[in-house]
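Asks: Each protein sequence line maps, in turn, to chains A and B. Just so you know, we're using my numbering here: the first sequence kicks off at 1 and counts up by one. Just so you know, we're using my numbering here: the second sequence kicks off at 1 and counts up by one.
Hints listed in this document are in silico derivations from the structure and should not be mistaken for laboratory results. Honestly, I wouldn't trust all of these hints.
What the hints assert, rightly or not - A partial selection of chain B residues facing chain A, derived with a Cβ cut-off under 8 angstroms:
no., residue
1, PRO98
2, THR309
3, TRP375
Said to hold, decoys possible - Derived Cβ-Cβ restraints for the label pairs, each shown as a range:
no., chain 1, residue 1, chain 2, residue 2, range
4, A, ASP260, B, THR237, 48 to 58 angstroms
5, B, VAL66, A, ASP260, 21 to 31 angstroms
6, B, ARG146, A, GLN241, 48 to 58 angstroms
7, A, VAL29, B, ALA89, 32 to 42 angstroms
The beta-carbon is built from N, C-alpha and C at its ideal position, and this holds for glycine as well.
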Amino acid sequence: MRVTFNTAYGGIEYVNIAAGQMARARQQVQSGKRLEKASDDPAAMQRTIEGRAEMRGIDTYARTADSAMARLTTLDTVVSAVVDKLQQATVAAVSVRGTIATQPTRDAAALTLEGVRDALVADLNTSIRGAYVFGGTQATTVPYARVSGRWTYQGNNTPVSVAVGTGRSVEIALDGQALAQGSDTTNVLNELETLIVAVRAGDNTGIGDGITALGRAFSRATRTQTQIGVDEQSIFEGQLQLTASRLAVLTRVSKDEDADLAGAIAEMNRADVAYRAALGAVGTASRTSLLDYLR
Amino acid sequence: MSGLFSSLSMAARSLEAQRAGLDVAGQNIANLNTPGYSRRRLDLAEVVNGTGGVEVLGTRAMRDRVLDTRVRTAIPDAAREGAIGNALALVETAIGTPGQGIDGYLSAFFDAFSALSVDPTSTVARDGVILQGRQLASALNATATRLADSMQLADNGVRDAVSQVNRLTDQIATLNDAIAASNGVDVDALKDRQRTAIEALSGLTAVSVLSRADGGVDVTIPSGRALVIGGSQYDVTLGSGPDGLATLSLGGATITSEIMNGTIGGLLHTRDTLIPGYQTRLDELAYGVAQEVNTLHQGGFDLNGAAGTAFFTPSAAVAGAAAAFAVAAPIQGNPSLVAASQTGAPGNNQVALAIAALRAQPVLAGGTMSVTDAWAQLAYHVGSDADSARAEQGSLNDVLRQVERLRDQVSGVSLDEEAASMMKFQRAYEANAKFFTVADEMLQTLMRTVGGV
Numbered sequence: 001m002r003v004t005f006n007t008a009y010g011g012i013e014y015v016n017i018a019a020g021q022m023a024r025a026r027q028q029v030q031s032g033k034r035l036e037k038a039s040d041d042p043a044a045m046q047r048t049i050e051g052r053a054e055m056r057g058i059d060t061y062a063r064t065a066d067s068a069m070a071r072l073t074t075l076d077t078v079v080s081a082v083v084d085k086l087q088q089a090t091v092a093a094v095s096v097r098g099t100i101a102t103q104p105t106r107d108a109a110a111l112t113l114e115g116v117r118d119a120l121v122a123d124l125n126t127s128i129r130g131a132y133v134f135g136g137t138q139a140t141t142v143p144y145a146r147v148s149g150r151w152t153y154q155g156n157n158t159p160v161s162v163a164v165g166t167g168r169s170v171e172i173a174l175d176g177q178a179l180a181q182g183s184d185t186t187n188v189l190n191e192l193e194t195l196i197v198a199v200r201a202g203d204n205t206g207i208g209d210g211i212t213a214l215g216r217a218f219s220r221a222t223r224t225q226t227q228i229g230v231d232e233q234s235i236f237e238g239q240l241q242l243t244a245s246r247l248a249v250l251t252r253v254s255k256d257e258d259a260d261l262a263g264a265i266a267e268m269n270r271a272d273v274a275y276r277a278a279l280g281a282v283g284t285a286s287r288t289s290l291l292d293y294l295r
Numbered sequence: 001m002s003g004l005f006s007s008l009s010m011a012a013r014s015l016e017a018q019r020a021g022l023d024v025a026g027q028n029i030a031n032l033n034t035p036g037y038s039r040r041r042l043d044l045a046e047v048v049n050g051t052g053g054v055e056v057l058g059t060r061a062m063r064d065r066v067l068d069t070r071v072r073t074a075i076p077d078a079a080r081e082g083a084i085g086n087a088l089a090l091v092e093t094a095i096g097t098p099g100q101g102i103d104g105y106l107s108a109f110f111d112a113f114s115a116l117s118v119d120p121t122s123t124v125a126r127d128g129v130i131l132q133g134r135q136l137a138s139a140l141n142a143t144a145t146r147l148a149d150s151m152q153l154a155d156n157g158v159r160d161a162v163s164q165v166n167r168l169t170d171q172i173a174t175l176n177d178a179i180a181a182s183n184g185v186d187v188d189a190l191k192d193r194q195r196t197a198i199e200a201l202s203g204l205t206a207v208s209v210l211s212r213a214d215g216g217v218d219v220t221i222p223s224g225r226a227l228v229i230g231g232s233q234y235d236v237t238l239g240s241g242p243d244g245l246a247t248l249s250l251g252g253a254t255i256t257s258e259i260m261n262g263t264i265g266g267l268l269h270t271r272d273t274l275i276p277g278y279q280t281r282l283d284e285l286a287y288g289v290a291q292e293v294n295t296l297h298q299g300g301f302d303l304n305g306a307a308g309t310a311f312f313t314p315s316a317a318v319a320g321a322a323a324a325f326a327v328a329a330p331i332q333g334n335p336s337l338v339a340a341s342q343t344g345a346p347g348n349n350q351v352a353l354a355i356a357a358l359r360a361q362p363v364l365a366g367g368t369m370s371v372t373d374a375w376a377q378l379a380y381h382v383g384s385d386a387d388s389a390r391a392e393q394g395s396l397n398d399v400l401r402q403v404e405r406l407r408d409q410v411s412g413v414s415l416d417e418e419a420a421s422m423m424k425f426q427r428a429y430e431a432n433a434k435f436f437t438v439a440d441e442m443l444q445t446l447m448r449t450v451g452g453v
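Please model the entire structure based on the sequences and the hints provided.
Replies: This is the structure in structure tokens:
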């Protein structure tokens, strides 16, 4: 084999290759990322894009779940207040049932019932950031208003649901009519109006009917409260699942996307040695030649 | 046997021959770093006409035609892959890293609809939807522009390479003329230049080379169309296609599709096949997103209870959908026109939920691919094409280096050999000079003897 001048003094391409490898390893160590561009690992790039989108989806569910939980907390508070008020009304009505109660006592009970009625109207017309939460999807119309002297429901019976996980949704705006009226012929506000009249008049039959109606309303409210609690529990369980899912996806994405720092540092050292060796090989190649002996 | 005068003549010729040997060594050393230089060797022979001594037959460039051909055929493939890899490096910047490219904007857009589903009457949430829609549109427009720019850069590269082809073929034709005119005398330097020019040409496009009897070469592209015939050169001319991109013609025929290798072949492949493929995928993604969102949006009702209109400006065709992608002007100016409701009730969020759910639904490619999958596939194809081009270039360069090394063993200059050669000719020159001196002294002795009679 003839060793020519180009052979002896060539090899700069190997210096470039080693320098490129070292630069790549150093970049991974500095950025902590294995994927800087699509060609670094096309299949990993594809998986990472899909994984990151999956994580964004999970994060969105988590954010929605947080918002829904806040809403449900408000609903829970309001419905609990409704339950309390219905109890208060029942107590007031029971206290004047029979023949013992005097007119002033009945008037006082009627005033209490009027207060309860007004408070219930306020509860059922609760809004969050301008959207009524007991009007179904009629979020911009006040749910209960007096129309022609009667409390009338102006919402609809379509609850508003949001997705808080894959195949998991919760209701964040309720059908107020289902709470206030259910299968009764009229809503609890009108029942209270009738009860107030009966209390003032000492109409024990009317008071009895009113108390029974309040009892049914109480049952509906506690059922609603239970449903809210179930939804809150569902969100809580969903959040645990979301956290676990996100961690699993993150781990998968990280394997593709993040640099194996120990490996990258070892590779950087290896590339550095290769670079120095290539430089040394080029620098010392044929340092002496026959010409040196002819001087 | 010849006389002393003859010996003197023989010594003089020999001195001349050794000096020529030193010249050749000097020439080789002088051209150590000259690209394309083939080492020269002095051909000496014993004089056969009875006077004896040595004569210089000539110098010879050490070449191996087979290895020259191997080098010339290895260059275009490596150059093609290098051109593709370099061109796609620009395209890769348009893809970005995971979460930072179109995929991130798609996620943000669907996130905004999720937020709207929680609060369908919120103006802030509606503004968020429009803002994210505009950002998605801006990202799609920018990516389409970057792909178009990459295509234009590849086209500019083709135009530059064609002018280099014409310069090189002109040079080869001129060298052909010079080689033919020299009648075979002292043509090695011209042939070295000829070889260098042909190899440079091979880097731009694969060529076939046929040797001529006069020492010149005829050069054609692989389809057989002539670039150089003897002293005649044929320009590759540039035209303009319907899309404004360069078309190549030679001898009146369009050869754009005939050039498959070399830098031009790689750039044409990138310009005409790879980038249009990416553009189609991007357009299909943009068209699909606009279609799906618009269909759902138009099936809903806005905050005022009116029927929904197109959220994105509808594109008439898939081609160009990414570049034209935009949030419809009426919606940009009025957030209440965002249709979140399925029934017209302002609190209904069914349309917002349905649009948010598009994120993971297989709505593209005949219901087989989600929008994120479509983007991930586009990124995969760009990365895979760039990666395979670079890997291919690496292995082809290895092959090229090996063949070049083999050729260098024949044609390359060895400093040690030239040093030994210098010493050899120097010693031979000294010995011949000594012989000349001895012959001269003998002649002087003879002359003195004759003079003394």
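Asks: For each hint, tell me whether it holds in the structure or not.
Replies: Verification of the hints:
1. PRO98: At about 4 angstroms, which falls below the 8 angstroms cut-off, the nearest Cβ of chain A leaves the hint on PRO98 of chain B intact, so it holds.
2. THR309: With a closest approach of 21 angstroms, the THR309 of chain B hint is violated.
3. TRP375: This hint holds: TRP375 of chain B lies near chain A, its Cβ roughly 6 angstroms from the closest one there, short of 8 angstroms.
4. A:ASP260 / B:THR237: 48 to 58 angstroms: Holds, since ASP260 of chain A and THR237 of chain B (Cβ atoms, about 54 angstroms apart) stay within the stated range.
5. B:VAL66 / A:ASP260: 21 to 31 angstroms: Check failed, 47 angstroms falls outside 21 to 31 angstroms.
6. B:ARG146 / A:GLN241: 48 to 58 angstroms: violated (39 angstroms)
7. A:VAL29 / B:ALA89: 32 to 42 angstroms: violated (22 angstroms)
Of the numbered hints listed earlier, those contradicted by the structure are 2, 5, 6, 7.
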